[in-house]
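Student: Could you slot chains B, C, D, E and F onto chain A? The hints should help.
Line order of the protein sequences matches chains A, B, C, D, E and F. Numbered per this note's numbering, the first sequence finishes at 318, counting up by one with no gaps. Numbered per this note's numbering, the second sequence finishes at 318, counting up by one with no gaps. Numbered per this note's numbering, the third sequence finishes at 318, counting up by one with no gaps. Numbered per this note's numbering, the fourth sequence finishes at 318, counting up by one with no gaps. Numbered per this note's numbering, the fifth sequence finishes at 318, counting up by one with no gaps. Numbered per this note's numbering, the sixth sequence finishes at 318, counting up by one with no gaps.
Mixed in with the good hints there might be a few duds.
Each pair may be met inside one copy or between any two copies, as identical chains are not told apart.
Unchecked claim - List of simulated lysine-lysine pairs, PhoX-like, C-alpha gap at most 25 Å:
#, residue 1, residue 2
1, LYS311, LYS217
2, LYS217, LYS317
3, LYS33, LYS84
4, LYS59, LYS84
5, LYS50, LYS33
6, LYS98, LYS84
7, LYS151, LYS311
8, LYS59, LYS25
9, LYS69, LYS90
10, LYS87, LYS20
11, LYS5, LYS317
12, LYS33, LYS87
It is worth saying that the hints were derived from the structure and are not from the lab.
Letter by letter, the chains look like this.
Protein chains: 6
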Amino acid sequence: MTLIKQLQAPDEFVGFYLIKELEIKQTNTTPAKDFLDIVLCDASGQIPAKLWDASITDKETFFPMTLVKVQGLVQLYRERLQIKIGKIRKATPEDGVKLTDFIRSAPISPYDLIQTIHRVLDSIENPTIRNIVSFCVVKVGDKLEHSPAAKSHHHAYYAGLAYHIVRMLEIGEFICGQRPFLNPDLIKAGIILHDIAKPDEMVAQLGIVSDYSVQGKLLGHISMVSSWITEAAIYHGIDLQSDVVIGLQHIVLSHHNLPEWGSPVLPQLPEAVALHYIDSMDAKLQMVEDALLTTPESEPWTPMIRGLENKAVYRLKL
Amino acid sequence: MTLIKQLQAPDEFVGFYLIKELEIKQTNTTPAKDFLDIVLCDASGQIPAKLWDASITDKETFFPMTLVKVQGLVQLYRERLQIKIGKIRKATPEDGVKLTDFIRSAPISPYDLIQTIHRVLDSIENPTIRNIVSFCVVKVGDKLEHSPAAKSHHHAYYAGLAYHIVRMLEIGEFICGQRPFLNPDLIKAGIILHDIAKPDEMVAQLGIVSDYSVQGKLLGHISMVSSWITEAAIYHGIDLQSDVVIGLQHIVLSHHNLPEWGSPVLPQLPEAVALHYIDSMDAKLQMVEDALLTTPESEPWTPMIRGLENKAVYRLKL
Amino acid sequence: MTLIKQLQAPDEFVGFYLIKELEIKQTNTTPAKDFLDIVLCDASGQIPAKLWDASITDKETFFPMTLVKVQGLVQLYRERLQIKIGKIRKATPEDGVKLTDFIRSAPISPYDLIQTIHRVLDSIENPTIRNIVSFCVVKVGDKLEHSPAAKSHHHAYYAGLAYHIVRMLEIGEFICGQRPFLNPDLIKAGIILHDIAKPDEMVAQLGIVSDYSVQGKLLGHISMVSSWITEAAIYHGIDLQSDVVIGLQHIVLSHHNLPEWGSPVLPQLPEAVALHYIDSMDAKLQMVEDALLTTPESEPWTPMIRGLENKAVYRLKL
Amino acid sequence: MTLIKQLQAPDEFVGFYLIKELEIKQTNTTPAKDFLDIVLCDASGQIPAKLWDASITDKETFFPMTLVKVQGLVQLYRERLQIKIGKIRKATPEDGVKLTDFIRSAPISPYDLIQTIHRVLDSIENPTIRNIVSFCVVKVGDKLEHSPAAKSHHHAYYAGLAYHIVRMLEIGEFICGQRPFLNPDLIKAGIILHDIAKPDEMVAQLGIVSDYSVQGKLLGHISMVSSWITEAAIYHGIDLQSDVVIGLQHIVLSHHNLPEWGSPVLPQLPEAVALHYIDSMDAKLQMVEDALLTTPESEPWTPMIRGLENKAVYRLKL
Amino acid sequence: MTLIKQLQAPDEFVGFYLIKELEIKQTNTTPAKDFLDIVLCDASGQIPAKLWDASITDKETFFPMTLVKVQGLVQLYRERLQIKIGKIRKATPEDGVKLTDFIRSAPISPYDLIQTIHRVLDSIENPTIRNIVSFCVVKVGDKLEHSPAAKSHHHAYYAGLAYHIVRMLEIGEFICGQRPFLNPDLIKAGIILHDIAKPDEMVAQLGIVSDYSVQGKLLGHISMVSSWITEAAIYHGIDLQSDVVIGLQHIVLSHHNLPEWGSPVLPQLPEAVALHYIDSMDAKLQMVEDALLTTPESEPWTPMIRGLENKAVYRLKL
Amino acid sequence: MTLIKQLQAPDEFVGFYLIKELEIKQTNTTPAKDFLDIVLCDASGQIPAKLWDASITDKETFFPMTLVKVQGLVQLYRERLQIKIGKIRKATPEDGVKLTDFIRSAPISPYDLIQTIHRVLDSIENPTIRNIVSFCVVKVGDKLEHSPAAKSHHHAYYAGLAYHIVRMLEIGEFICGQRPFLNPDLIKAGIILHDIAKPDEMVAQLGIVSDYSVQGKLLGHISMVSSWITEAAIYHGIDLQSDVVIGLQHIVLSHHNLPEWGSPVLPQLPEAVALHYIDSMDAKLQMVEDALLTTPESEPWTPMIRGLENKAVYRLKL
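One chain only, chain A, in its complex shape (with noise of 0.2 Å):
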């Protein structure tokens, strides 16, 4: 079974792939005739493909997120590959694939990553820091498990949040170490909460984010965060005007930098400056790492990557 990130043009090739998007179009010729207009993917990536003259059944037997055994034909259109559908049906028992096989996930199993992020948050001394912790760790739930952690930028995929959390706790863990004056309590907070809403800001399934949610949009998972966090400190009986909600909003509220990038303040405590440089630090080499995973070893430059001020990254040859 050929992996669609192998795919060439003009291979002939028979695969298990899921449907992620599949739209029902009409062609212009005369009589116009309906074709699908299908998004396969598999763990490896996703392909643009067309099933040509759809009939009635085709159109009521194939939807977003069905398994399907396709028999295609890669063709180069407009420079970039698609897939002409000669045979396509639905995955049966009896084949033995699952959904989660086509789904592109984090490198480490979501379970790990959340049992992970909860060692650490028990780690926390403060109490306090702690509860607001705990409270907003226990509002996101499970969407904790599988929630990508962007749209398309970076960890864009099933688990990615806990995967770029977990990863920024071992760069604060260092960090911590590394220069005394910051608090590491502080620290570990910022981390697990500065884009825990963001399961909430997105509409995503399985790691797929399809749109933003209507407070996604109004509000951006920053001021979501910080509106947990009152609501966290209310439920556990917490001053709002302590310096402890007031200095985790802050540094939430902060954490993009800078106003054009989406923060309302600037950081203004240790730990806020931090937490910007581990937070850029892991998602800027998480989308290298993305773009060089997914880019065939023969390709000395990966595709623009647009977190990366739309420059490719080349493999130097040394």
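Tutor: Below, chains B, C, D, E and F without anything else, positioned relative to chain A:
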């Protein structure tokens, strides 16, 4: 008695003024002598003043917010006016002057402003919105009566914030009449709430802002109001995910319009778009009015106005 | 008859529409065939349409600004609706439809708008100002009755400019009442003059802008109005150095506020500051209103609005 | 007699200078004493000076634009040189010095500059263009002979504007030779007209700009020239809609290239593109030349030059 | 034979052209068919073309840089012209056409351009400067004869770089005459060196740039030239700390003027300031000239020019 | 002995300090008197000081970098502390104080820092990379032991550059462990090289930067390092076109990330992306640490930190 706005070099004068700022300093001479570096103010403006050769008694008598009788000489120093104090004493009850006469203040009495705000608040038809706004008005408390709207930009005087709100409510009422697609409840709520955390963002006394508070610096008034709304909703048992709560938070968060002006989200509700322009129109025209009022009639140009891109305003001769 | 705003794929429909744009193109097939690539419109909106296999007669019958009866099918093409035309013929006198019914137009009649503008013009007390404004209104002539206010940003329809002026005059009257330091004559003059050269900046027919004129591109409407004022002053023998002439030119030149928005000078008169915000408030709220009106009620979000930083507007559910 | 450019602390010197600025101030001492705060200048530069203990006679004798003989001491105050005046008296006819010797001035005589401008003007072949340019040259009148080209940026001295025009005409002639698609009439006209309203934008005496005029601030010289062209066209009965008039106005309006540099339209004629670079090249190189000339040869770096992004220029040792 | 610049829909034509780009693609039809997606060019311009139903022979016959004889039809597709190829064959020796006739090229022969550059190089008086420049000219080698000056911005054709250098040398000579404080050696050196690494920054064949090289992307031509100067200095035993080496590197590094235009340092030598404006004037006027030349005389407006802020240029009718 | 950091007005004190800056100035009095305008420093900070009525002996005794014993009075002048010197004499051998005790310095000894750098250098496995880095370390020589990393932004003290490098190497080692796609040799090389030309960009003595060097201003340290790499490659006979040389130059050139921050190219290698964030994280957190250390514990806010967008940092009370 000469108003500060009317003083010109090299006038000699006698009058009552308020000590707005005071610092004890030393001259460069040998031996060094103590002198008092003072800012005097009255309702018409403010001016720097020096008391050379300050005695021990002087240093123990005069403090900020002291009302004093001054005999002095107006001098020109580095192109700006300053007072050389000849005689100075504390005002006594017999002088019949009272502190509030020396404070710059909104042209409408705080009592009337607060009455108007409450009347409009009561006219909000949607009970959920009314409850949230009411909670915030109760929370800010007495400070709404005397707080300025800003440190120096606009409405920087006693009751400036309430005055700004009331004038905006007038514009809001007009624009809701002109544009029926606007929801008057949201417009009223947005206007009352948009700056309601400013008294907690700044440290002010009698309308004079001396600094920003810690939470003012770390959170900013925009995010503070957003948290107040969360608090209000929890208090009144309103769903935090409801369109009402999200909508009010959005209107407040977006009222500065652009990220570089301090808003983490752009306006995406009709009332949010309206609120930004109601706020701008009132603030900018007040800057113009304040500059015209504190500039002698004989001057064709006001000083530069920081909030108007550092431009001065000209009195056209028609 | 179905309004364009109400069409949905895969509707079949019959109705009268106006051909707004038309181009003869060739298919990619062998042999290539001619087809008509059309944009149909009515007062509710516009939609692309194709007439496949266009005959010689078709090509000699249909042109932009032709009223036609169409039988067609609504299709989805690249996520946007388009019409596949089945039958099409020119409208005849017997059909009882008239062109102006198919043009999007201001909600107030041009006649009434012009009357209002003249009434306000006559109420300007300063005869010099009145003469200058009057000269410019005469100069623009009939075009004021039907010109749109912009190519696509806002008020982009028949009589849109006059409608924009009239609504701004309402705001101007209100704000002069609220702020007595504003000179009502300058506000009225500024509002009537600020965009008065737009009909000469754009090439428009029935409120539909097809292009900018040469002088529109080389000078821009702001500088054009400034020259009209010079012309008016010379015609009426008014001193070009007088504060009246300079003041009116300044108010027009500065009404876009910032250089990057097209103003060569920043507002430096109270009325110039006011005019910018009166203009912004009316234009931005009209963009919101236009977007809400042309979006089906069932859609919670309007399309993105270019003049509002490319943000969509949400219909809150209270 | 020592030139100001050559003074160094702690020189004692005697010489004739011009009082460029003068203000009467009071010392901080008790009792306060009057002193004269003066700026002295000669053709080589300028320097601040103090006359301590000014007598009543002193205050009635010395004014800006008075030629004086000074005996003084050069001191270093806050890292900048200033003069402590020992003796000072007005220059008398016997001294044989004349005011214009103390004014910084273009290196070519105003008479020759004006002759050159008129010669080029007469060489414009298109009579319509020639008439418009001629009208503007007549309108600016004598001021063209002595006006500086800017307040401080470049050519900020007697006849600086005419000098700037003449040097640009040389570049213009060269570039028309090199690029035959450029119309020499438009290049000549654009160069003579581009800054011709500057003498009316600024308030200047003997090449020293003390302020901007009201119309300079409210309109700016670019829009002023555009109106002058309108005036010229009306005077000569030229159609205001003709390509000649629009073209000349465009060339002037666009010569600052970008909106943030003050141009309401971008260059869209070949000659407009050329004019911007002719103007920039002459202005920037003049800034360099002026900085080199007024910096002692021994200094490897000039002071920072505001018009060159606040960079200093270095004398390379080859 | 029709020049590409003169083709108009729906012309039928026969002529010789060069295949500039070629890709084999498949149609959307069932069954899919191969077609050739081609860009044809001649010295006057370029145009897209399709060969539908491409045979196996076709696919083995036609490649980029093949000279062909084409019989075709000009069609309008999405508002842009394209060719539907009827017949196509390779050019034969009998046709008497040669490849270089179909390449857009500088209006002066490469031989003459190189001669001029060498003549100026030899006229540099300072032997150290001459040696460094000479080293770099030798290093770039033959590529200087045919390299374009840019991918598409300006001088994007055969020998475009040499032509750009030669025209700049003319301006440089003029400006050194006008401004004696400029060092002619540095001006000559700066002009010859400023873009001399461009042939190594880009991958070009016959003046057609297909991509940037790896070192072009990773270093940029500005830093590459700086390293070449280091290399030259080491080769000739010149002190790397000497003002000559630092000065030449500075002039090259700063010639884009601002960081956002690619220069790591701002111009701080008189010759560096001059070089930036000599380069800008030549590049911008060449963009204008190129646009005018490739636009039919009947069109009053050229297409938008990317290097001129996306503005089109107008042909004024005087 | 009182540390400068602990001085408060109006303390009287005696202690040893270093004269960091000294200028002879004159008072405004009649007759003018000479005084010494001094900046005193010790390892804890610096403060301005005045010696009024300076004798000829004083002027011949005290110079920058002189160790002195001072008896003085702390005064408040324009809201900043300054010293009025009562008595002052040069330190003698008997005083037992040594200059280096008065210099602010990295918290790790230069010797240890250099050892660490050499150890890491030796651990670079790729011999070509190691040779290039080694060449540059030899070239900078002893200066690496004492040079600060910047004039005032961060690590602005004795051995600050070496300290910055060593801390970055720690982060680099951590991040290479976390991200195996990063090449440790390139990370090590990038860190050691990125600022290695700073000692030649600045003029510094004992960690105190007095100015930038000519080549520092004309080339900047980023381009200087790029040339050093060219030099190193030529010295070791390494191909200048090889990926190693280009890669190292790219990593150095791009480490400021954006053009407006000084980098002529954007990061396009994984290690270049990493280096930028390693550098930022270390520099920004050091700015925070330096500000916290030099601010009295009793102050909740540090002074504004220029490199952190002019924001102060707050000490949270948990």
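Student: Can you name, in rising order, the numbers of the hints this structure does not satisfy?
Tutor: Per hint list: zero violations.
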